[in-house]
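As given, the protein sequences belong to chains A and B, one line each in that order.
The opening residue of the first sequence carries number 1 in the UniProt record's numbering; numbering runs sequentially from there.
The opening residue of the second sequence carries number 1 in the UniProt record's numbering; numbering runs sequentially from there.
FYI, nobody ran anything at the bench for these hints, they're computed from the structure.
On a predicted model such as this, the values are computed, not experimentally measured, just so you know.
You may find that some hints are simply not true.
Since the list gives no way to pick one copy over another, a pair counts as held whenever it fits inside one copy or between any two copies.
[Said to hold, decoys possible] No farther apart than 25 angstroms at their CA atoms in a straight line, the calculated lysine to aspartate or glutamate pairs in the DMTMM-like style are these:
| hint | residue 1 | residue 2 |
| --- | --- | --- |
| 1 | Lys280 | Glu203 |
| 2 | Lys67 | Asp248 |
| 3 | Lys136 | Glu252 |
| 4 | Lys197 | Asp248 |
| 5 | Lys197 | Asp266 |
| 6 | Lys143 | Glu85 |
| 7 | Lys201 | Asp266 |
| 8 | Lys280 | Glu219 |
| 9 | Lys143 | Glu203 |
| 10 | Lys97 | Glu252 |
| 11 | Lys201 | Glu265 |
| 12 | Lys67 | Asp81 |
| 13 | Lys239 | Asp129 |
| 14 | Lys197 | Glu265 |
2 protein chains.
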Amino acid sequence: MTANPQAPGHNDYVPGYAHIKHHEWRTAENSAGYLIPVVQSKVEENAAIKLLDVGAGPGTITVSLAKYMPEGQLIATDLSDAVLEKAAVFAEQAGVKNIEFQAADIYALPFPDNTFDIVHAHQVLTHLDAPVAALKEMLRVAKPGGVIATRESDLRMWNFHPQVPGVVRFHETMLATHAAGGGATDAGVRLVSWAMKAGAKRESITASMGTWCYSTPGERRVWGGTMAERARNGEFRKKALQVGIATDDEFEFMAKGWDEWIATEDACLGCMHGEILVRK
Amino acid sequence: MTANPQAPGHNDYVPGYAHIKHHEWRTAENSAGYLIPVVQSKVEENAAIKLLDVGAGPGTITVSLAKYMPEGQLIATDLSDAVLEKAAVFAEQAGVKNIEFQAADIYALPFPDNTFDIVHAHQVLTHLDAPVAALKEMLRVAKPGGVIATRESDLRMWNFHPQVPGVVRFHETMLATHAAGGGATDAGVRLVSWAMKAGAKRESITASMGTWCYSTPGERRVWGGTMAERARNGEFRKKALQVGIATDDEFEFMAKGWDEWIATEDACLGCMHGEILVRK
Numbered sequence: 001m002t003a004n005p006q007a008p009g010h011n012d013y014v015p016g017y018a019h020i021k022h023h024e025w026r027t028a029e030n031s032a033g034y035l036i037p038v039v040q041s042k043v044e045e046n047a048a049i050k051l052l053d054v055g056a057g058p059g060t061i062t063v064s065l066a067k068y069m070p071e072g073q074l075i076a077t078d079l080s081d082a083v084l085e086k087a088a089v090f091a092e093q094a095g096v097k098n099i100e101f102q103a104a105d106i107y108a109l110p111f112p113d114n115t116f117d118i119v120h121a122h123q124v125l126t127h128l129d130a131p132v133a134a135l136k137e138m139l140r141v142a143k144p145g146g147v148i149a150t151r152e153s154d155l156r157m158w159n160f161h162p163q164v165p166g167v168v169r170f171h172e173t174m175l176a177t178h179a180a181g182g183g184a185t186d187a188g189v190r191l192v193s194w195a196m197k198a199g200a201k202r203e204s205i206t207a208s209m210g211t212w213c214y215s216t217p218g219e220r221r222v223w224g225g226t227m228a229e230r231a232r233n234g235e236f237r238k239k240a241l242q243v244g245i246a247t248d249d250e251f252e253f254m255a256k257g258w259d260e261w262i263a264t265e266d267a268c269l270g271c272m273h274g275e276i277l278v279r280k
Numbered sequence: 001m002t003a004n005p006q007a008p009g010h011n012d013y014v015p016g017y018a019h020i021k022h023h024e025w026r027t028a029e030n031s032a033g034y035l036i037p038v039v040q041s042k043v044e045e046n047a048a049i050k051l052l053d054v055g056a057g058p059g060t061i062t063v064s065l066a067k068y069m070p071e072g073q074l075i076a077t078d079l080s081d082a083v084l085e086k087a088a089v090f091a092e093q094a095g096v097k098n099i100e101f102q103a104a105d106i107y108a109l110p111f112p113d114n115t116f117d118i119v120h121a122h123q124v125l126t127h128l129d130a131p132v133a134a135l136k137e138m139l140r141v142a143k144p145g146g147v148i149a150t151r152e153s154d155l156r157m158w159n160f161h162p163q164v165p166g167v168v169r170f171h172e173t174m175l176a177t178h179a180a181g182g183g184a185t186d187a188g189v190r191l192v193s194w195a196m197k198a199g200a201k202r203e204s205i206t207a208s209m210g211t212w213c214y215s216t217p218g219e220r221r222v223w224g225g226t227m228a229e230r231a232r233n234g235e236f237r238k239k240a241l242q243v244g245i246a247t248d249d250e251f252e253f254m255a256k257g258w259d260e261w262i263a264t265e266d267a268c269l270g271c272m273h274g275e276i277l278v279r280k
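With these hints in hand, go ahead and build the complete structure from the sequences.
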């Protein structure tokens, strides 16, 4: 499997696997808070629960979830072998031994029906051209009584201060590039609808909205630094250049915009994500 | 004091005091979650803490906060006597006896310096033409070591599905009317900046982003019903008509848009708010 393979008939992972600095900042607490009480409740019923984390990337959320289910079993999948190898190293360094890493296509998960107590995906459906098919597959491998959990950005919903022109342009470029790559920029607010299209009943779905917020100097460096790097070297930049959404000069303008934003002492940025829990 | 007085030299409360259905849905848990651990921590130090809730409106958040500090004292202020009378009735019905209700101007709070352990405001600064002056006044009445807490909408940050044209138009009209009335549509993301302008050091500020999310039939009726009512009868409608932002026909189109959104089984809507805790 290559570093960024295309699932047959489906679109690429537009952000690319090379730059995952911000992904590594993610934990269950800051990115799957809505799921933690569900894990705790399942573990109370049965300590040996099984959790599938689909599109786990560098595995930081998986490792963080593992701490809530020390006697449980986790499987973390991703399309990319390279990112999973890195995730396995991260898990080992964290002393977490109950995660198995396995390359898998979300549209054809290599597991029998009714296998997992919890099936989780974070910022995965937003990148897919067929999110409903992916949700159907996640529902298939969940046990009856199990829970599907997914948290997806609404990429339109970035608020930031100050309105640095390079950052404004970056946001516009990101939205256009994401859409051009086959993803949905409004995934977060469509999760209820997608889950219903995948066969879930409305009354089996609990929806919420989560956020990330960056304002301290350290937070600004993590977020703004990742975005500046994407503008200078990322797969996102390549894709945008390829489809003619932005030029080299514009990307330099955007990167400098992030540098300026990071250096602004009263800066702040928020992002909003949709979250659903679906009881099978 | 009249039902919707203007603070001397400042702007009106544009939404008006007549229609506060959604305000009544608000609790500490759904609207001040970021503050609850602070209240709990202060109460552990001293059960008899003093909390000032500025612009408390119908008082549902105040009443809800009072439960976390049963031996504490709360003062709830608002410009409107009428809304405070209603709030007092609500507190009585809830069996909460430690809240005093008092009309007050946020720009000239009738309290000595260094009086309160916690000074809280929810969706207040967003309506003001001088939010920094208001924050200075909140800081003045807080004790050294006390905390200022405020949560304010970023009104631009509404994501909703489906994109019903009447709801899209309502959102555009609300933003324009809010700005025309002297409020800031991006208050949520400017809180860090405003607090620093009011004299707080960056390292004394903790910022976060909170949300509301509406998707169940009951939630859709609370939010969509309140918005439809505002489009049909609210002060917001009067203001928009007065300044020529929308017509009667357009408001009927918007109200019907909300009716349609409420009736859509897979509908969802999120709003993002900024939140800050400032240690004095």
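Verification of the supplied hints:
1. Lys280 to Glu203: within (11 angstroms within a copy, 45 angstroms between copies)
2. Lys67 to Asp248: Neither way: Lys67 and Asp248 sit 44 angstroms apart in one copy and 57 angstroms across, limit 25 angstroms.
3. Lys136 to Glu252: For Lys136 and Glu252, neither the intra-copy (41 angstroms) nor the inter-copy (39 angstroms) Cα distance is at most 25 angstroms.
4. Lys197 to Asp248: For Lys197 and Asp248, the Cα distance exceeds 25 angstroms both inside one copy (40 angstroms) and across copies (37 angstroms).
5. Lys197 to Asp266: Cα proximity of Lys197 and Asp266: across copies only (9 angstroms, versus 43 angstroms in one copy).
6. Lys143 to Glu85: For Lys143 and Glu85, the Cα distance exceeds 25 angstroms both inside one copy (28 angstroms) and across copies (53 angstroms).
7. Lys201 to Asp266: Between copies only: 10 angstroms across, 44 angstroms inside.
8. Lys280 to Glu219: Between copies only: 22 angstroms across chains, 37 angstroms inside a chain, cut-off 25 angstroms.
9. Lys143 to Glu203: within (18 angstroms within a copy, 47 angstroms between copies)
10. Lys97 to Glu252: For Lys97 and Glu252, the Cα distance exceeds 25 angstroms both inside one copy (43 angstroms) and across copies (60 angstroms).
11. Lys201 to Glu265: Answer is between; shortest inter-copy Cα gap is 10 angstroms, intra-copy 47 angstroms.
12. Lys67 to Asp81: within (24 angstroms within a copy, 52 angstroms between copies)
13. Lys239 to Asp129: within (16 angstroms within a copy, 43 angstroms between copies)
14. Lys197 to Glu265: between (45 angstroms within a copy, 12 angstroms between copies)
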